[in-house]
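Line order of the protein sequences matches chains Y and B. Using the working numbering, the letters of the first sequence map in sequence onto residues 1320 to 1472. Using the working numbering, the letters of the second sequence map in sequence onto residues 43 to 153.
The set of hints was computed from the structure by calculation and includes no laboratory data. Watch out, some of these pointers could steer you wrong.
Here are the computed lysine to aspartate or glutamate pairs in the EDC-like style, where the Cα-Cα straight-line distance is at most 16 Å [stated by the list, open to error]:
(1) K109/B / D1442/Y
(2) K72/B / D1442/Y
(3) K1400/Y / D1442/Y
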Amino acid sequence: MATPPAVRLVVRRRGRDGQPLEFSLAVPSDLACVGDAVELVAEQCRTGPLSVRRLAFNLRTALAEALTNAIAYGSRHDAAKSVHVQVEVTVRAVTIHVHDVGDGFNPAAVPDPTIPANVAKEDGRGLFVLRHLVDQVTFNPKGNVICLTLRAG
Amino acid sequence: MSFNLRKDSKGVVVVGVDGQLIVGNRQELKQKVLEALEGGAKKFVIDFSRTGYIDSSGLGVLVSLSKKIREQGGDLRLAGLNEDLQTLFELTKLDTLFSILKTPEEAVAAF
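Use the sequences and the hints to build the structure in full.
Right, dumping it as structure tokens:
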């Protein structure tokens, strides 16, 4: 199996204790990079305001969904294009922006995967899952930047 | 992160998911299960006792595998879900598609 391209992490601001308060990642648009990117973000947020459980499950799953959508639909799997992730950690919340270079989409037009006609489909659950795992989801008007907020706790 | 396959004395293939089942490794799981299916196995249990998280791509591969196994006259059951993973299956209503047992031992015994 080919080695996936590397995810680049830049810490932009640290707290007095040396823990990162603001950092960013450039993630190559290769689905094989999603797991590594998620682990990097989770590791940097380890001493932040989220419980171990929410860090282990909610943050990881939601970020994996956002990155997968950005790589598949934004960059259309073009590994030459990067998806940019910006993370801010405060005592109140972890805020994550995932920015792709695609044309964006209309999140309101995504079908509900839980209606009987869709339950047995193999795909189409990403945004639905993501919305249930974080406290707030917003998009920019174009639809190519998603912002996830996980409040402390 | 890896998938461990073992076949018990009743011929049930138990697949342990270590770490996560996500977009980056779902094809590996699919390939391993389909190889076992082609090799004649019909009864499968996916054991999530050691799984941290599953994304929607991981859920999708389970749906796909379940369909293929049923087409061959077999069945795929899930076991070992922690509270968060159980909630994920309930939210997506996938708990209505799969038999979900508490432990892999119970899932094997239920065949």
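Results of checking the hints against the structure:
A hinted pair counts as satisfied when its Cα atoms are at most 16 Å apart, and K109/B with D1442/Y qualifies at roughly 14 Å. Among the hinted pairs, K72/B with D1442/Y is consistent with the structure: their alpha-carbon atoms are about 15 Å apart, no more than 16 Å. For the suggested pair K1400/Y and D1442/Y, the alpha carbons sit about 24 Å apart, so the restraint of at most 16 Å is broken.
Violation of the numbered hints given earlier is confined to hint 3; every other hint is satisfied by the structure.
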